[in-house]
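> Let the sequences and hints guide you as you build the complete structure.
Quick note, the sequences are listed as chains A and B, same order. For our numbering, count along the first sequence from 1 and bump the result up by 693. For our numbering, count along the second sequence from 1 and bump the result up by 693.
Calculated directly from the structure, the hints in this document are not laboratory data. Each hint should be verified, as a subset may be incorrect.
Copies of the same chain look alike in the list, so a pair counts if it works inside one copy or between any two.
Stated by the list, open to error - Within a straight-line C-alpha distance of at most 25 Å, the following computed DSS-like cross-link-like pairs (lysine-lysine) qualify: (1) K727 with K812; (2) K757 with K825; (3) K831 with K864; (4) K927 with K864; (5) K825 with K857; (6) K857 with K927; (7) K863 with K825; (8) K812 with K864; (9) K863 with K850; (10) K864 with K850; (11) K863 with K727; (12) K831 with K757.
Number of protein chains: 2
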Amino acid sequence: MAYDGTRYHGWQRQSRLPSIQGAIEAALEQLTQKSASLYGAGRTDAGVHALAQVAHFDTEHGFKEDEWRRALNALLPPDIVIQQAEVVDGDFHARYSAGSKVYRYQIRNAPLPSPFDIKWTWHIRQPLDFEKMTLAAKGFLGVQDFRSFCAAGAEVKNHLLEMKRVHIEKKGERLWITLEASRFLQHMVRNIVGFLVEAGQARRAPEDTFRVLSAGDRRAAGITAPPQGLFLLKVNY
Amino acid sequence: MAYDGTRYHGWQRQSRLPSIQGAIEAALEQLTQKSASLYGAGRTDAGVHALAQVAHFDTEHGFKEDEWRRALNALLPPDIVIQQAEVVDGDFHARYSAGSKVYRYQIRNAPLPSPFDIKWTWHIRQPLDFEKMTLAAKGFLGVQDFRSFCAAGAEVKNHLLEMKRVHIEKKGERLWITLEASRFLQHMVRNIVGFLVEAGQARRAPEDTFRVLSAGDRRAAGITAPPQGLFLLKVNY
Numbered sequence: 694m695a696y697d698g699t700r701y702h703g704w705q706r707q708s709r710l711p712s713i714q715g716a717i718e719a720a721l722e723q724l725t726q727k728s729a730s731l732y733g734a735g736r737t738d739a740g741v742h743a744l745a746q747v748a749h750f751d752t753e754h755g756f757k758e759d760e761w762r763r764a765l766n767a768l769l770p771p772d773i774v775i776q777q778a779e780v781v782d783g784d785f786h787a788r789y790s791a792g793s794k795v796y797r798y799q800i801r802n803a804p805l806p807s808p809f810d811i812k813w814t815w816h817i818r819q820p821l822d823f824e825k826m827t828l829a830a831k832g833f834l835g836v837q838d839f840r841s842f843c844a845a846g847a848e849v850k851n852h853l854l855e856m857k858r859v860h861i862e863k864k865g866e867r868l869w870i871t872l873e874a875s876r877f878l879q880h881m882v883r884n885i886v887g888f889l890v891e892a893g894q895a896r897r898a899p900e901d902t903f904r905v906l907s908a909g910d911r912r913a914a915g916i917t918a919p920p921q922g923l924f925l926l927k928v929n930y
Numbered sequence: 694m695a696y697d698g699t700r701y702h703g704w705q706r707q708s709r710l711p712s713i714q715g716a717i718e719a720a721l722e723q724l725t726q727k728s729a730s731l732y733g734a735g736r737t738d739a740g741v742h743a744l745a746q747v748a749h750f751d752t753e754h755g756f757k758e759d760e761w762r763r764a765l766n767a768l769l770p771p772d773i774v775i776q777q778a779e780v781v782d783g784d785f786h787a788r789y790s791a792g793s794k795v796y797r798y799q800i801r802n803a804p805l806p807s808p809f810d811i812k813w814t815w816h817i818r819q820p821l822d823f824e825k826m827t828l829a830a831k832g833f834l835g836v837q838d839f840r841s842f843c844a845a846g847a848e849v850k851n852h853l854l855e856m857k858r859v860h861i862e863k864k865g866e867r868l869w870i871t872l873e874a875s876r877f878l879q880h881m882v883r884n885i886v887g888f889l890v891e892a893g894q895a896r897r898a899p900e901d902t903f904r905v906l907s908a909g910d911r912r913a914a915g916i917t918a919p920p921q922g923l924f925l926l927k928v929n930y
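Here's what the structure looks like:
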């Protein structure tokens, strides 16, 4: 599914606030007249978007694959779109069966703002040093402990994960930072992007990456990029 | 200037409704403490956007060019951005000095909607016949009477104008229709786009263009495309 996360308090269901999971579960319950539990591949934060989020649910309802898609889209608001529905084996789990996830962060690097990408970019006026950012990014590759880039209050004990790809691309006034990893910790992409932007502003040396990773301390890594530039791009199975 | 026209009732100032002209005039008056009149190159409709609208005003205020830009942007909401300010000769008029204007209409031609371009496209699910549309578009070129494509209630007597360019481009799931003319009549681009879409759906023969133009009757031309796909792209002087 694709969604514009602007008006949602993230993927995860919350009792009184609108969430992506809550909106889709409500549509499922309206369709099947039974309570529904949806399991997503990645719990995107408030204001974060998705181009191809994946989620699964259990049902005994006899809809065909494309009937699910059409019926759910008819019930959902236009900022959430089910792109595909597929019947899977009983042992498939959207989150635990995933081999890796790909996130992309979009920066507008131009002196002037644009009225058309306020909802989809982090606007940074000063030119970022692309070479310095690319150099700093290399240090994230491989199996490493990402505790320094995990939200301070996150309930997770193991911070070890494999970063498979960090790619920085310049497209005119836009800068795309694409990350692929076995899993992602809370705020991890936004904290890595914050760090890379500081490297691009020469406020950090590109060699700092290893030092900050090995510090194992959130306070070593610096700023968190705002949510609206972040997209869950793909989940690989 | 660039603007996202979504929440405005068009370019033209209105007594109680938000307009682009009204918003910029209010910012000018706040800056100069004098009443201000802004003259735009094109009066975009409600919900229509601009990438490079041009407007002029008279002032005796001593700001430098870039000071105007920065001061106005500081006062304007984020969906209106002044991109450039320039001191011009006293005989320059944003509308009457313009040689031609370029508009672009953006269609999303794909089975599924996208949550990311609702505000910027007309979504058409059925595949449009690109060849038929291109053929129908050719008939608009040259000096012709566009009464059939002008809004029925428009207060204009002369419908003769020169269409300099009609270009249709396919970019993945998007279709761009770009028109350049000496001037544009009310709803003209949206009426032409509506006609071209009907040609692309084989609901009209591509040869119909001449017949509809020569009818000189709004009822001959068919549907009006919705405003959100339309952008004022450029004003040539």
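> Checking each numbered hint in turn, tell me which of them this model violates, lowest number first.
Per hint list: 1, 2, 9, 10, 11, 12 violated.
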